[in-house]
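Engineer: From just these sequences and the hints, can you work out the full model?
2 protein chains.
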Amino acid sequence: MRQIGFIIGVFFLTSFTLSAQTTADPLPSWQEGKVKQRILHFVQVVTNPSSPDYVTPENRIAAIDNDGTLWLEQPLYTQVIYTLSRVKALAQAHPEWKKQQPFSAVITDNRKEIAKFNAQDFERLLAATHSGMTVDNFDATVKQWLAEAKNSRYQRQYTALIYQPMLEVLNYLRAQGFKIYIVTGGGQDFVRAFSKKTYDILPENVIGSASKTQFQSQNATLIKMPQILFIDDKAGKPEAIHLVVGRKPIIAFGNSDGDREMLEWTQAGSGKRLMLLVHHDDAKREYAYGPESKVGTFSNSLMKEAKEKSWEIISMKNDWKVIFPFEIKK
Amino acid sequence: MRQIGFIIGVFFLTSFTLSAQTTADPLPSWQEGKVKQRILHFVQVVTNPSSPDYVTPENRIAAIDNDGTLWLEQPLYTQVIYTLSRVKALAQAHPEWKKQQPFSAVITDNRKEIAKFNAQDFERLLAATHSGMTVDNFDATVKQWLAEAKNSRYQRQYTALIYQPMLEVLNYLRAQGFKIYIVTGGGQDFVRAFSKKTYDILPENVIGSASKTQFQSQNATLIKMPQILFIDDKAGKPEAIHLVVGRKPIIAFGNSDGDREMLEWTQAGSGKRLMLLVHHDDAKREYAYGPESKVGTFSNSLMKEAKEKSWEIISMKNDWKVIFPFEIKK
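From first to last, the protein sequence lines stand for chains A and B. Residue numbering for the first sequence follows this note's numbering, starting at 4 and increasing by one per position. Residue numbering for the second sequence follows this note's numbering, starting at 4 and increasing by one per position.
One or more of the hints may lead you astray.
Since copy identity is lost for identical chains, a pair holds within one copy or between any two.
[Claimed, not checked] Here are the simulated lysine-lysine pairs, DSBU-like style, with alpha carbons at most 30 Å apart: (1) K119 <-> K237; (2) K182 <-> K200; (3) K275 <-> K146; (4) K275 <-> K182; (5) K215 <-> K237.
What the hints contain is simulated information worked out from the structure, not anything from laboratory work.
Structural biologist: Quick look at the structure:
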């Protein structure tokens, strides 16, 4: 009897383990429905060696936008907030800025003037805060700022304002052998400063807008320069992915007009592909914005193209049970 | 007695296996000596978790030059031979080239004129042969050429003229968890066309000189453009490694003045580092060249710096038992 009890015990343990393995949900923060099923189905068929859509692990490339796709981008891109904050921090060392625009508007918090800034104004602010230091100094400065600064609406660190359902996508894709690249219009070195700790994504897997650097032989350091090398937005996204990766993603996530070309290029490859767009339609838990937004514009023509080409629209309101990791009770 | 015999048999089998494991030489084509010992020792201490020099796998970045370090570069870089060959192949479609320099010199094999080409001439030849097609077409054209073309001295494919001792280094580093990047002054897309098949190195692990591409929405393709984005040579090497990888290598192999800054930058990091230079001093089996060579210049000042900074000089003549894989009898 003791032996039979033992055998029954083993049987139950085994079936419990098997059942836990087969029913474990890799995307628990996603509502059941078409979008979740399409992600799960795509990953299953491209990773199943007996499927006609099978893709070898080395070709499982995922491209995922950052601002508005992996983390909050409203009311301003976090890197813009960082830039304004750095201008203020550096103002004491630059007394001449008090009489110089665009700096004086930033130092005196003149929102009316700031709202009128053009591209050239932003380039000057970027040059003043993102160049003239070693790449290591820049990295340390961003890390320190992110450790201290807080978003005003949520009163949390910016790296806490990442999307829990997308973290689950990252973990799921990683576990299924995908190589994940962040493909951001934001600064490559800025995102690299937190990508490992926040998303478990290494610096070499971050593709972003990049400025030149200059090697200095005397102390063997790399200095960040103000000249822009490329802008990783719109057509710049497939161009930068080719530059860094040398081949096409098979799955791509975006959330705005800046991601359109990346999704078009991803779809143009042979074999099974999946293109998705996060739609910010949740004014209560996050923000609802679309064609009129200056940040993360989702134009009507993008929505039309998405529907025509069977790109999946992820509704934050309907498809995501939670938005941020802190909503999950530990 | 039979049982004792069995036990003794198992004992010998076990000790043989253990002994084979501990003495298996990862670098059999390297002569015993200082250079080989230094490579083995470096890899052992950075991969041993109980060593003070231990480096976690994700930080084991290796940077290795291609021309003259992984494969033959004399009497001309292979990509230059490809370029001249493509001009001839395209000449029929460009009757105007017959009367245009630098094209006419190439078409008529006018070595005297070719020897006088300046940088601008080469840029025109590169633009004519490396742009105006999709990235996929370029890749296919390079692959086809490499399958057919042969080096005149060795009468072998160019991808057969790779260095066996360096292949062993690649396999050894890979087995020890290193992430290996080719860092070449040559064209990134050119080297990507053979890096996987020849070295088992994926496209995203090839950093090279790059021209711009342009995304075309109507058919979602990337066209190679004539404008140069960056030249991955000299100071361009650390700059490009930062652009693509975002951090420093801990080991770097080069063979010429073009690799100097990459080695300086590698050495400037904290923790244990190893910098090596292949010295082409074997006129019999390969080539002997140095300060006067136009291809793969190894200046006296580089040799001086290498000695002062304890960079290892690899003598092809004395440190390598074989040069090419075909020398090994199968």
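Engineer: Determine for every hint whether it applies to the structure shown.
Structural biologist: Hint check results:
For the identical chains of this complex, K119 and K237 are intra-copy neighbours only, at 24 Å inside a copy versus 43 Å across copies, given an alpha-carbon limit of 30 Å. Proximity of K182 to K200 under the C-alpha cut-off of 30 Å is found in both arrangements, the shortest distances being 17 Å within a copy and 20 Å between copies. In this homomeric assembly, K275 and K146 come within 30 Å of each other (Cα to Cα) only across copies, at 25 Å, whereas the closest approach inside a single copy is 38 Å. For a Cα distance limit of 30 Å, the shortest separation of K275 from K182 qualifies both inside one copy, at 17 Å, and across copies, at 29 Å.
Proximity of K215 to K237 under the C-alpha cut-off of 30 Å is found in both arrangements, the shortest distances being 20 Å within a copy and 15 Å between copies.
In this structure, every one of the numbered hints holds.
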